[in-house]
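*Asks:* On the provided structure of chain A, position chain P as indicated by the hints.
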Amino acid sequence: MTQKMRTGMVISGALLLVAVAAWIYQLQEGLILTNMQNSYSWGLYISGLAFFVGNAAGGLVLTSSIYLFGVKKLKPLARLGALTAFANVTAAMLIVLPDIGKPVRLYNMLLHPNWMSPLVWDVIVLNLYAVAAAVYLYILMLPELTGRLGWLAIRVNDPHAFSERWARRIAPVALLFAIGIHVVTAWIFSTQGARDWWFSPVMAPDFVSVAIAVGTTVVLLAAALAYGTGEQYQEAYRTLGLIIFMATCVHLFLMANDLVIHAWYGNTETHRIMEIAWGDFGLAHLFEVAAPLLGAWLLTRPQVLGSLPRLLTGSALLIAGVFVHRFLIMPASYNNIPMTLTPFGLPGNHWSLPIASGRLLPGTGTFLDHYAYFPSLVEITILLGIMAYAVFLVLLAIARLPILARENR
Amino acid sequence: MKMGMVIDLEKCIGCRSCMVACKQHNAQPPQTWWNRVFTPGSHRHLTPPAKGVEFFLPVHCQHCENAPCEKVCPVEATYKAEDGAVLIDYERCIGCRYCMSSCPYGVRQFNWEDPEKAHARSEYQEKYHYGYPEEHRHQGRLVYSPLRPKGIVEKCTFCAQYRDRGELPACVRGCPGKARFVGDLDDPDSDVSRMITSRNAFTLLPEKGTKPTVFYLPPKAKEV
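Residue numbers (this note's numbering), protein chains in the order written: chain A, 1 to 409; chain P, 410 to 633.
If we strip away everything but chain A, and leave its shape as in the complex, we get:
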C-alpha cells in the first residue's frame, strides 16, 4: 500500500466514523436535526440516493462494452468498474437509512412489502445489482485469487477459462439490473402525479444517460488515480471519454427537451416550475448544464487524458455538475404546492394552500407555501461520510484484493 492510499484511507475512514456518530445523534433526536419540514419532505439524503445510483453505472458501461460490444481494450479496467459500481450502489442504499424516520422497522419491507410501491422495486433492484456487481467482481478476480488469497477461490479446473465464460454469462443479467436501478430510481419520482416537475416520462431515460456519463467518469477517475495517465492506457481512456461525452449530450438534450416542451405550452404550473428552476436556482441550473458539458468535453481531449491534474479537473467538473443536478431534483417540486386552485370569482388567480410545517421554525409561520431549504450540518456530514465510505471501500479493496493489473500492485 502506498503512503497516499494510506492517507486516503485514514481520512475517509475518519469521515465515515464522524458520519456514523452524526447518524446516531440524529437517531436519538429525530429528523428535527435536518432542515427538512413537511412541505419539503425529502432533501439532501434522497438527492444523495440519486447521485450514488448514477455513480454506480460504471460497472454497467464496462461490462456491456467488453462482453456485449467487444471493446477488448477496456478489459484491464473491468474489475475497477465492478468495484466502483459495488461501492456506489451500497452507498446509495446506505444514504437512504438516515432519511428513514424509523429505520429499526425496515424489516417490514420483508414482512409486508407493497408490490405497488416503486420504493420496494428500488430496494429489490439495488440489492440485486449489488449482488451482481460483487459476484461479477469475484469472477473477474478468480484467476488471481492465489497464494495468500487462495482460500477465497472456489475450486475449478481452469480458473481463466471459467472466469471468462462466467463473466460473459453474467454480463447481460448485470446489465439488466444496472439499467433497472436508474429506471426504477427515476420512477420513484416520475410516478408522482402530484408533482409536475417530476411527472415526466423523460425522467427514466434521463437518469440512464446521466448515470452512463457520471458512472463512466468515476471509473476513469479511479483508473487514472490507480494507473496514472501512461500511453498504454490512453486508448481505453479515449473510449471512456467518448462514452462520457455522448452520454452527457444525450442527458442535456433530454433535460432541455422536457423544459422546452413545458415552457412552450406555458401553463401556470410550468411558469411556477420555471420561476424556481431558472429563477431562484438560475445559477445552479447554469452550473448543472455548463460544468458537465465542459467536463465531458475536456475528457475527450488527448492532452487532458494524458495529464493527471487536467483529467482530475475534467472529472471533478462533471461529477460536481451532476451532484448539483441531483440536488435540483427537489426545489422545483417542493416549492410548487400541488394543492393550487383558481378561486371562484378570480379567474386569473392561482392560489396555493399552505402546508403545516410540522416543526417549530423560528422566524417563519406554521403554514408555508415556500421554503428555502438548505441542508443542515448533520445532513452534510452524513452525506460526506457516505461518500467517504465509497472511497474507503475502493481503497481497501485495491489494497487487499487483486483489483489492479499485476504490475501496478
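Incorrect hints may have been included.
No more than 20 Å apart at the CA atoms, straight line, and that leaves these computed lysine to aspartate or glutamate pairs for DMTMM-like [unchecked claim]:
1) A:Lys4 / A:Glu407
2) P:Lys411 / P:Glu576
3) P:Lys620 / A:Glu407
4) P:Lys480 / A:Asp196
5) P:Lys460 / P:Glu474
6) P:Lys526 / A:Glu29
7) P:Lys489 / P:Glu500
8) P:Lys411 / P:Asp573
9) P:Lys587 / P:Glu419
Reference excerpt, derived from the structure (chain A facing chain P, CB under 7 Å, subset only) [stated by the list, open to error]:
10) Gly30
11) Leu31
12) Arg105
13) Asn114
14) Met116
15) Val120
16) Gly193
17) Ala194
18) Leu294
19) Leu353
20) Ser357
21) Thr364
22) Thr366
23) His370
Bear in mind the hints are in silico, worked out from the structure with no lab data behind them.
Ideal Cβ placement from N, Cα and C applies to all residues, glycine included.
*Replies:* Just chain P now, kept in the frame of chain A:
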C-alpha cells in the same frame, strides 16, 4: 358502505372551529395540523382577495379511492379501512415520507421529533396533554395514540376512534355552521349522495385522478 364527507362552502364561515376541534381531539403535536381552513386567493385568512369575493376552504385528508399515498407506501402501513377511510398504522410506518411527497393535498404530517420535546420547544404548558386519551386500534392496527412515536407520518383518520363507536368526526360535531356532513356514498338516497347530485358538488384537483371521497358544495353567493 363507502363513507364520504360533504362540506358546504356556502355554510362555512371560516371560523376554524373544525381546525381546532381536530387538533385538540386528535392530540396533534405543535405545528401539526391535519385540517386547514384558508381563504382562497388571499394570503391572509378572513381577508377578501378582491372586493366582494370571499369564501373559505377547509382541507384535510381527502380519503381518496385512488390514493397515491397508499400505493407508494412500501410497507402497507397506509391502508384502507372497510368503509374506504385511509388510515396509517403507527406501528408499521417506517417514516420514509414517500406518501407525503405523493399526496397532492399536502395533508400528511411527519413527527420530526418526540412529541414531548416538541411541546417543550413550543413552550406548551408542562405536563399539559390534550386530546382523546387512549390508544385506538382499528382492525387490530394502531391508528391513533395520544403521544405519537417519533419518526412516523400521521394525518386525518376521519376520527377513527369516534366513528368506531358510531360517533361523528370531531370536525363535523364542532362545526357551528353545520357545514359538514358524513354519510354513505354507495346509498343514492343518503343525505350526502343527494347533496352531491343536487348541488353541483366538486372535488379538489380532479385532474390528479385521485377520486376523493370528500366533496365540496360551491358557495352560491359571495360573503361581502
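*Asks:* Work down the list of hints and note, for each, if the structure agrees.
*Replies:* Hints, verified against the model:
This hinted pair checks out: A:Lys4 and A:Glu407 have alpha carbons roughly 18 Å apart, not beyond 20 Å. With a CA separation close to 16 Å, the supplied pair P:Lys411 and P:Glu576 stays within the 20 Å bound. With a C-alpha separation of about 65 Å, the suggested pairing of P:Lys620 with A:Glu407 is violated against the 20 Å cut-off. At most 20 Å may separate the alpha-carbon atoms for a hinted pair to count; P:Lys480 and A:Asp196 meet this at roughly 18 Å.
Using a Cα cut-off of 20 Å, the hinted pair P:Lys460 and P:Glu474 is violated, with the two alpha carbons roughly 37 Å apart. With a C-alpha separation of about 9 Å, the suggested pair P:Lys526 and A:Glu29 falls inside the 20 Å cut-off, and the hint holds. For the hint pairing P:Lys489 with P:Glu500, the CA-to-CA distance comes to about 16 Å; that is within 20 Å, so the pair holds. Between P:Lys411 and P:Asp573, the direct Cα distance comes to roughly 15 Å. Compliance with the 20 Å bound is thereby established for this hinted pair.
In summary, the hint linking P:Lys587 to P:Glu419 is supported, as the alpha carbons are separated by about 11 Å, within the 20 Å threshold. For A:Gly30, the interface hint holds, since its Cβ comes within 7 Å of a Cβ in chain P; the closest pair sits about 4 Å apart. About 5 Å separates the beta-carbon of A:Leu31 from the nearest beta-carbon of chain P, less than 7 Å, and the hint is met. Annotation: A:Arg105 was flagged as interfacial toward chain P, and the flag holds, the nearest CB pair being 5 Å apart, inside 7 Å.
Nearest Cβ of chain P to the Cβ of A:Asn114: about 5 Å, under the 7 Å cut. The hint holds. A least Cβ separation of about 5 Å between A:Met116 and chain P falls short of the 7 Å threshold, and the interface hint therefore holds. The closest approach between the C-beta of A:Val120 and any C-beta of chain P is roughly 5 Å, which is under the 7 Å cut-off, so the hint is satisfied. Evaluation of the A:Gly193 hint against chain P yields a held restraint, the C-beta minimum of about 6 Å falling below 7 Å.
A cut of 7 Å between beta carbons decides the hint on A:Ala194: the least distance to chain P is about 4 Å, and the hint holds. Contact between A:Leu294 and chain P, as hinted, is not supported at the beta carbon level, the nearest pair being about 33 Å apart and thus beyond 7 Å. Hint on A:Leu353 holds. Least Cβ distance to chain P is approximately 6 Å, under the 7 Å limit. Annotation: interface hint on A:Ser357 holds; nearest CB of chain P at approximately 5 Å, less than 7 Å.
About 10 Å separates the beta-carbon of A:Thr364 from the nearest beta-carbon of chain P, more than 7 Å, and the hint is not met. With a least beta-carbon distance of about 5 Å to chain P, the hint placing A:Thr366 at the interface is held under the 7 Å criterion. The criterion of a C-beta within 7 Å of any C-beta in chain P is not met by A:His370, whose closest approach is roughly 11 Å, and the hint is violated.
Hints 3, 5, 18, 21 and 23, counting from the list given before, are not met by this structure.
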